[in-house]
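Residue numbers (my numbering), protein chains in the order written: chain A, 126 to 395; chain B, 7 to 230; chain C, 7 to 230.
Please keep in mind that the hints were generated in silico from the structure rather than gathered at the bench.
Keep in mind that a hint or two might mislead.
With beta-carbon atoms standing in for the labels, derived distance ranges [said to hold, decoys possible]: (1) A:Met-269 with C:Ser-194: 18 to 24 Å; (2) C:Thr-60 with B:Val-61: 43 to 49 Å; (3) B:Gly-65 with C:Thr-60: 53 to 59 Å.
With the C-beta cut set under 8 Å, the calculated list includes, among others, these residues of chain A facing chain C [claimed, not checked]: (4) Ala-253; (5) Phe-256; (6) Val-260; (7) Glu-264; (8) Ala-267; (9) Phe-282; (10) Leu-368; (11) Ala-372; (12) His-374; (13) Gly-378.
Glycine residues also receive a C-beta, built at the ideal position from the N, C-alpha and C atoms.
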Amino acid sequence: MAESKPGFEVRLANFTGPFDLLLGLIAKHQMDITEVAIATVTDEFIKYIRKLQELGGEWTLDEASEFLVIAATLLDLKAARLLPAGEVENDEDIALLEARDLLFARLLQYKAFKHVAGLLGETLHQEAQRFPRQVALEEHFAAMLPELVWKHTPEQFAALAGAALQPKAPRPTEVGLNHLHGGNVSVKEQAEIVGLRLQRESPLTFRAIISDAESTLVVVARFLALLELFREKAVSFDQLTPLADLAVHWTAGRRVWSAENLSDEFEEQL
Amino acid sequence: MQDAAGDGRAGETASGGPDPLSHPGTAKAALEAVLMVIDEPATEEELAAGLDLTVETVGSLLAELQREYNGYTVKAPDMDQASPAGFGSSPRGFELRNIAGGWRIYSRADYADIVGKYVLEGQTARLTQAALETLAVIAYRQPVSRARVSAIRGVNVDSVVRTLAQRGLIEDSGTDPESGAILYRTTSYFLERMGIGSVAELPQLSPHLPGLDGIAEFYDAEGL
Amino acid sequence: MQDAAGDGRAGETASGGPDPLSHPGTAKAALEAVLMVIDEPATEEELAAGLDLTVETVGSLLAELQREYNGYTVKAPDMDQASPAGFGSSPRGFELRNIAGGWRIYSRADYADIVGKYVLEGQTARLTQAALETLAVIAYRQPVSRARVSAIRGVNVDSVVRTLAQRGLIEDSGTDPESGAILYRTTSYFLERMGIGSVAELPQLSPHLPGLDGIAEFYDAEGL
Numbered sequence: 126m127a128e129s130k131p132g133f134e135v136r137l138a139n140f141t142g143p144f145d146l147l148l149g150l151i152a153k154h155q156m157d158i159t160e161v162a163i164a165t166v167t168d169e170f171i172k173y174i175r176k177l178q179e180l181g182g183e184w185t186l187d188e189a190s191e192f193l194v195i196a197a198t199l200l201d202l203k204a205a206r207l208l209p210a211g212e213v214e215n216d217e218d219i220a221l222l223e224a225r226d227l228l229f230a231r232l233l234q235y236k237a238f239k240h241v242a243g244l245l246g247e248t249l250h251q252e253a254q255r256f257p258r259q260v261a262l263e264e265h266f267a268a269m270l271p272e273l274v275w276k277h278t279p280e281q282f283a284a285l286a287g288a289a290l291q292p293k294a295p296r297p298t299e300v301g302l303n304h305l306h307g308g309n310v311s312v313k314e315q316a317e318i319v320g321l322r323l324q325r326e327s328p329l330t331f332r333a334i335i336s337d338a339e340s341t342l343v344v345v346a347r348f349l350a351l352l353e354l355f356r357e358k359a360v361s362f363d364q365l366t367p368l369a370d371l372a373v374h375w376t377a378g379r380r381v382w383s384a385e386n387l388s389d390e391f392e393e394q395l
Numbered sequence: 007m008q009d010a011a012g013d014g015r016a017g018e019t020a021s022g023g024p025d026p027l028s029h030p031g032t033a034k035a036a037l038e039a040v041l042m043v044i045d046e047p048a049t050e051e052e053l054a055a056g057l058d059l060t061v062e063t064v065g066s067l068l069a070e071l072q073r074e075y076n077g078y079t080v081k082a083p084d085m086d087q088a089s090p091a092g093f094g095s096s097p098r099g100f101e102l103r104n105i106a107g108g109w110r111i112y113s114r115a116d117y118a119d120i121v122g123k124y125v126l127e128g129q130t131a132r133l134t135q136a137a138l139e140t141l142a143v144i145a146y147r148q149p150v151s152r153a154r155v156s157a158i159r160g161v162n163v164d165s166v167v168r169t170l171a172q173r174g175l176i177e178d179s180g181t182d183p184e185s186g187a188i189l190y191r192t193t194s195y196f197l198e199r200m201g202i203g204s205v206a207e208l209p210q211l212s213p214h215l216p217g218l219d220g221i222a223e224f225y226d227a228e229g230l
Numbered sequence: 007m008q009d010a011a012g013d014g015r016a017g018e019t020a021s022g023g024p025d026p027l028s029h030p031g032t033a034k035a036a037l038e039a040v041l042m043v044i045d046e047p048a049t050e051e052e053l054a055a056g057l058d059l060t061v062e063t064v065g066s067l068l069a070e071l072q073r074e075y076n077g078y079t080v081k082a083p084d085m086d087q088a089s090p091a092g093f094g095s096s097p098r099g100f101e102l103r104n105i106a107g108g109w110r111i112y113s114r115a116d117y118a119d120i121v122g123k124y125v126l127e128g129q130t131a132r133l134t135q136a137a138l139e140t141l142a143v144i145a146y147r148q149p150v151s152r153a154r155v156s157a158i159r160g161v162n163v164d165s166v167v168r169t170l171a172q173r174g175l176i177e178d179s180g181t182d183p184e185s186g187a188i189l190y191r192t193t194s195y196f197l198e199r200m201g202i203g204s205v206a207e208l209p210q211l212s213p214h215l216p217g218l219d220g221i222a223e224f225y226d227a228e229g230l
């Protein structure tokens, strides 16, 4: 498999999804899933997504967002590691722990399926060596078949054809997965919200900016949005002491600003 | 089985016209004749009904044919020593297999390369890794919605599911009463392609899930 | 022919992997494997080419197989007396026939009554909904491959297409030059049943259906 190769060459075709990529990275570092060095893996994961983005013409938004969800979770975990160790103090910490356990549980489960998928593939290949006898019915038997009852008028037949040829509308994805999958949180959208809010009132603490975030994912998205805004020189930060409240200042002035200006940058990055 | 020695002679005298199937030799050849025209696996019950034999008789005749096709050099212990020839001694180019709940004739795997030159149908392209993973999740979690498969794989599986359905490996199996989501299951064609009798024969998933005993329940509780 | 006695042993050792066909036993089994699964009768030349044997060798192997299937009680004079078993002694349920220069395995005529009864069992005079829809797609998209029909219908149509062909409603119309897939078209029997003179007389599809050309591209884009 590609994972074992040095250099870990990235091609989109190498991975069937974010878990596959994550497993690949873990394997590359010869780490056990249960004791993954989050920081290392997160950085590489983000790096590879970025590289895939640069390479990939076939990279659809849909696929990208799946990778992004995992990336956000990893970032979240990495961020949590930077906090003073060990203490579970509030709901946020507990949520982080749950997010981590869930991620690893899903990763392990995926690994099991990936493995049996390999077994299925081998079996299917082995079995394809045998060809079933599947010949047309000998003519004298075919001639014995009862005369076909045919009641359709050409118009009825055409109606049938019309229905059969109608492209089937892709059926909507049916179950809400927000509790597991994360909703479709767009960094761009969050940047828009954060930007407008800061234009109205500045400075704001990070705590205030995320005070109405409905999920961890939104917190992560707003955090990423702020980093992007910082790169765009639209905001600046100050923090009086480590772990004190982070104050965010709007520095883009009164010039007309919208997240649209950032959109290309964002889409390429994530 | 004690009649096996007489098969040869019975077959010859029967060649003039249809013999009552009460004679085992004739019954076996008739069964073989039917196996030549079926185009999907036939169950022992179907064969028995069509041939007017008991299911037990059909079962033992099928086993006998299978053994003949696979070849043997020593005579089976239950064969009469007086039998002049027995039935074949080297493996034939084909085999009789019991898969997906039915019996069917297949070319022997040893000759795949040669047979493949003549058979265009049924030579399907290998499945991609993504398709295999999706198929595996559906096989082990069926009936299952696309959303759940997607949650396990971490990616959207809509187009892969469509491809698997077009290939006949999976099918709709109704909708989930709660969510209204379409549920998918594997088909008997999948079993045929896997060479197994039922999904119960798939390799166990649990050994691949070290220390994750609670996980399945956890996900079930999550309503996925 | 003097090698016939060794066939049994050769066959067994070969079961581990593909053996060179230079050994007559292996060649015969490979030939048998091909004959068992081909749908259209194959000429000796075609068989010789695929098996990498001379036409003469194929001819004598075919004769040998034909004799085995037809059964014999005394050993053929050219068979080594030391052969423990020879190959079969009673007629099999199938036979190898040469029709118009092509060879194929058929069910033995002696069992035609039984086979006919089996075939007719459960046969209906009506087409299933799946068969009707598939026929409709073929009628309006002909000539069309099964893969394409599968893509349009979202399910595997292999067995339905076989039924339609068996019913004489559709037929092979050559292969797609690009993919090599078999293309199907409707037959004159289909026109007869529809009561029309040509496919051009089929009613136009509803104008508010999306253009069929667009559909084609849509499905082609799916890589099918």
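A:Gly-378 as chain C interface residue, shortest Cβ-Cβ below 8 Å | With a closest approach of 47 Å, the A:Gly-378 hint is violated.
Given the hint of 43 to 49 Å, check if C:Thr-60 and B:Val-61 actually sit that far apart at their C-beta atoms.
-> The hint (43 to 49 Å, Cβ to Cβ) holds, given that C:Thr-60 and B:Val-61 are roughly 47 Å apart.
Interface hint outcome for A:Glu-264 [beta carbon to chain C under 8 Å] = Hint violated; A:Glu-264 Cβ to chain C Cβ min 10 Å, cut 8 Å.
Taking the least C-beta to C-beta distance, is A:Phe-282 closer than 8 Å to chain C?
-> holds, 6 Å
Outcome of range test on Cβ distance (A:Met-269, C:Ser-194; 18 to 24 Å) | About 21 Å separates the Cβ atoms of A:Met-269 and C:Ser-194, which means 18 to 24 Å holds.
Taking the CB of B:Gly-65 and the CB of C:Thr-60, does the distance hold inside 53 to 59 Å?
-> Given a distance of about 43 Å, which is not inside 53 to 59 Å, the answer is violated.
For the hint on A:Val-260, just tell me whether its beta-carbon gets within less than 8 Å of chain C.
-> With a minimum Cβ separation of about 5 Å from chain C (threshold 8 Å), the hint on A:Val-260 holds.
A:Ala-372 as an interface hint toward chain C, with CB separation required under 8 Å | violated, 51 Å
Agreement of hint A:Leu-368 with chain C interface, Cβ distance less than 8 Å = Violated, about 53 Å.
When the least beta-carbon distance from A:Phe-256 to chain C is tested against 8 Å, hint result | With a closest approach of 5 Å, the A:Phe-256 hint holds.
Hey, does the A:Ala-267 contact hint survive, CB to chain C under 8 Å?
-> holds, 6 Å
Go through the hint on A:Ala-253 and say holds or violated, using the shortest Cβ distance to chain C against 8 Å.
-> violated, 13 Å
This entry does not satisfy hints 3, 4, 7, 10, 11, 12 and 13, going by the numbered hints stated previously.
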